[in-house]
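Engineer: Based on the provided sequences and hints, a complete structural model is requested.
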Amino acid sequence: MIQHVCDALAKVRESKPLVVNVTNYVVMNNTANALLAVGASPIMAHSREEMAEMMGFAGALVINIGTLDSQWLPRMIYAVEQANANGKPVVLDPVGCGASQLRTDASRQLAKLADNLIIRGNASEIIALAGESAQSKGVDALDSSDAAVNAAKALAESHNCTVVISGATDYVVNPDGVVALDNGHEMMPFVTGMGCSHTALTGAFAAVGSNEISAGIASTAILGVAGEIAAAKSAGPGSLQMNLLDAIYQLDEDTLKTRLKISVR
Amino acid sequence: MIQHVCDALAKVRESKPLVVNVTNYVVMNNTANALLAVGASPIMAHSREEMAEMMGFAGALVINIGTLDSQWLPRMIYAVEQANANGKPVVLDPVGCGASQLRTDASRQLAKLADNLIIRGNASEIIALAGESAQSKGVDALDSSDAAVNAAKALAESHNCTVVISGATDYVVNPDGVVALDNGHEMMPFVTGMGCSHTALTGAFAAVGSNEISAGIASTAILGVAGEIAAAKSAGPGSLQMNLLDAIYQLDEDTLKTRLKISVR
Amino acid sequence: MIQHVCDALAKVRESKPLVVNVTNYVVMNNTANALLAVGASPIMAHSREEMAEMMGFAGALVINIGTLDSQWLPRMIYAVEQANANGKPVVLDPVGCGASQLRTDASRQLAKLADNLIIRGNASEIIALAGESAQSKGVDALDSSDAAVNAAKALAESHNCTVVISGATDYVVNPDGVVALDNGHEMMPFVTGMGCSHTALTGAFAAVGSNEISAGIASTAILGVAGEIAAAKSAGPGSLQMNLLDAIYQLDEDTLKTRLKISVR
Chain B
1 MIQHVCDALA KVRESKPLVV NVTNYVVMNN TANALLAVGA SPIMAHSREE
51 MAEMMGFAGA LVINIGTLDS QWLPRMIYAV EQANANGKPV VLDPVGCGAS
101 QLRTDASRQL AKLADNLIIR GNASEIIALA GESAQSKGVD ALDSSDAAVN
151 AAKALAESHN CTVVISGATD YVVNPDGVVA LDNGHEMMPF VTGMGCSHTA
201 LTGAFAAVGS NEISAGIAST AILGVAGEIA AAKSAGPGSL QMNLLDAIYQ
251 LDEDTLKTRL KISVR
Chain U
1 MIQHVCDALA KVRESKPLVV NVTNYVVMNN TANALLAVGA SPIMAHSREE
51 MAEMMGFAGA LVINIGTLDS QWLPRMIYAV EQANANGKPV VLDPVGCGAS
101 QLRTDASRQL AKLADNLIIR GNASEIIALA GESAQSKGVD ALDSSDAAVN
151 AAKALAESHN CTVVISGATD YVVNPDGVVA LDNGHEMMPF VTGMGCSHTA
201 LTGAFAAVGS NEISAGIAST AILGVAGEIA AAKSAGPGSL QMNLLDAIYQ
251 LDEDTLKTRL KISVR
Chain X
1 MIQHVCDALA KVRESKPLVV NVTNYVVMNN TANALLAVGA SPIMAHSREE
51 MAEMMGFAGA LVINIGTLDS QWLPRMIYAV EQANANGKPV VLDPVGCGAS
101 QLRTDASRQL AKLADNLIIR GNASEIIALA GESAQSKGVD ALDSSDAAVN
151 AAKALAESHN CTVVISGATD YVVNPDGVVA LDNGHEMMPF VTGMGCSHTA
201 LTGAFAAVGS NEISAGIAST AILGVAGEIA AAKSAGPGSL QMNLLDAIYQ
251 LDEDTLKTRL KISVR
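Residue numbers (the numbering used here), protein chains in the order written: chain B, 1 to 265; chain U, 1 to 265; chain X, 1 to 265.
Just so you know, these hints were derived from the structure itself, not from any lab.
C-beta: ideal position from N, C-alpha, C; glycine also.
Among these hints, one or two may not hold up.
Claimed, not checked - So these bits of chain U aren't anywhere near chain B, every CB distance computed over 12 Å:
# : residue
1 : Ile-2
2 : Glu-50
3 : Lys-112
4 : Ser-158
5 : Ala-180
6 : Gly-238
7 : Asp-246
8 : Thr-258
9 : Ser-263
Said to hold, decoys possible - Here are the simulated DSS-like cross-link-like pairs (lysine-lysine), alpha carbons at most 25 Å apart as the crow flies:
#  : chain 1 : residue 1 : chain 2 : residue 2
10 : B       : Lys-233   : X       : Lys-233
11 : X       : Lys-233   : U       : Lys-233
12 : B       : Lys-11    : B       : Lys-233
13 : X       : Lys-257   : X       : Lys-11
14 : U       : Lys-233   : B       : Lys-233
15 : X       : Lys-233   : X       : Lys-261
Unchecked claim - Facing chain U, according to a computed beta carbon distance under 10 Å, are these residues of chain X, among others:
#  : residue
16 : Leu-36
17 : Ala-37
18 : Ala-45
19 : Arg-48
20 : Glu-49
21 : Ser-70
22 : Leu-73
23 : Phe-190
24 : Ala-230
25 : Ala-232
26 : Gln-241
27 : Met-242
28 : Leu-244
29 : Ala-247
30 : Gln-250
31 : Thr-258
Structural biologist: Next comes the structure, spelled out in structure tokens:
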């Protein structure tokens, strides 16, 4: 699996895939910079007057509901429809799913709509997104990680998709199994939009034709390894944000192979 | 007062209060990061479809009119109404009040509406917000600081609120008196959104149940001390922005006690 | 020409011109910070309820279509009309012109509307903006730089404006000639919004009464020199973004005179 991650990174840097982002106001700058740092070409666009054209030549669509409202939701629905029409993968970030009915409903609607779907969220978002379908498996849950992985399995089966769960340990789940990654650093949640960058990076790997689980593993591996390299140099979250972009930009195959902690569960 | 600031910081870090921000496009990332660095939990949200829910579990509401338009103003009014309905404090940043009729009118409307109000602005915004009610006291004004403090006193009395004035010397004014704080650095105004971060941090302290004047003092103290620590390490405003987040994150009680310059006027 | 650049920088720092920006969500923070670092005073505003007032006291208008939609376009048109009514220069950034019909049409409409116009884009945007009028000159094009300069010449003549082309070599083109600048660094395109900052800085120089070609030369010179100073200290695009703001803030006349590579073509 480690070699697959290295190959995927090389492919992104070589082919500079276009990733269309319909995302939130808070993180647009960060996620565009994360995509540039990894070698991809970000487009932040949302107008229905250009989305069909854009999804024609883009490699993937990233949808992030972080600052959702009644104007943005129809744009996101239309963008997913255009991704479907062009056979392009959709990476969905259900920011705050469970924190309001608006976000829970919108996340479910968008997840149901996308043909080729990767979902990236934290444990509580994934659990809320899965809702009752996950609770039926919840009897086995020992802690929130177990509950989230069970919710992700339910989503992966019902939507035939890949689910990436961010946390102290990250999980990438699809209908065939679970992969766990143990990189990253505890300071990362003190930078806003770190999860959103995770989602955007997943779009870069999906855009170069990695299958859904490989894209999720590659972005998780690269953000985790770059994040722990950056955190070691950082006095706080301000410098972490800066050093993270440098670390993604500089990341090489040897560093990935030395540091990546990945296992099949 | 210094011990109160230290206790308030400890309380924010321990209880991680949720602060809902209806703010401007320019600073959303900065103010979310400032809230994370101090230990709070930011939510940047504006939709009327979720604001009632959010104000039910949030600790405070921050309203910032920096990129106001006819779509955002009704959202802000609705958010203040929900804060009132839930008994939550509102921190208002009247960005550009006085620079256009739209901003002056909106600032006054929002200030009048909020039940538990803290206003944070620079001298010219506070003077413009107070308008004629301040000018009646203006005969005593010796310089712009005096004029701003007089305007703040008028606002504090008419709205039964606390007013925080940012400047070379910062002032926190309520109906009972004036506190002056003398930290900070002259490079800080070269970073966009520094005042907006000041406002957001005030929301974090209001959210943990500090009374209005204590919340204003705590945020002013912490931004001022962290700002001067950060500026000492910074070659310019780019590094200042980064170092400021690190300094807020690292700030401890001893540093606050050693550096804080605060006095009752 | 080098002394003109130094004088223009001194004038911006002395007079702190107000620059109104109707720009995109991704770069609002960066471009505000670039304007502050160079000594100007940015206002990010877009509401038609305040634009007439703002263009009354602002020195220049910056229009950037990076996250265009059907709500933003009328705001941009109205802002240009108010700039015209007040005799203020307009700097247009046709982000993504050529990538969608929406962007191409909007760029052409805005360029046609502005009375005192500077256009700042990359080669492909300038070529797309010029469209057929440039292709008639395209027979002489030897590479994309030549094609872009030819397109810029066509635009400069048809719109009686100045055109700034960003690239490995930057060009400033007006009806009277072409100036080439050879500063900058290959890492700069890995930071999102670098071109948008170029556009915003052009607004600062236009706002202090530099004629259009002088404003374009000054901003290009300063971003290029500051960018190469910053890149020399930067391990990647994260630190480059930070160091760039520091370098703009610190830039002095001696450094400009030593480093600036400028020639008339």
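Engineer: Output the numbers, in ascending order, of every earlier hint that fails for this structure.
Structural biologist: 2, 6, 7, 12, 21, 22, 23, 25 and 31
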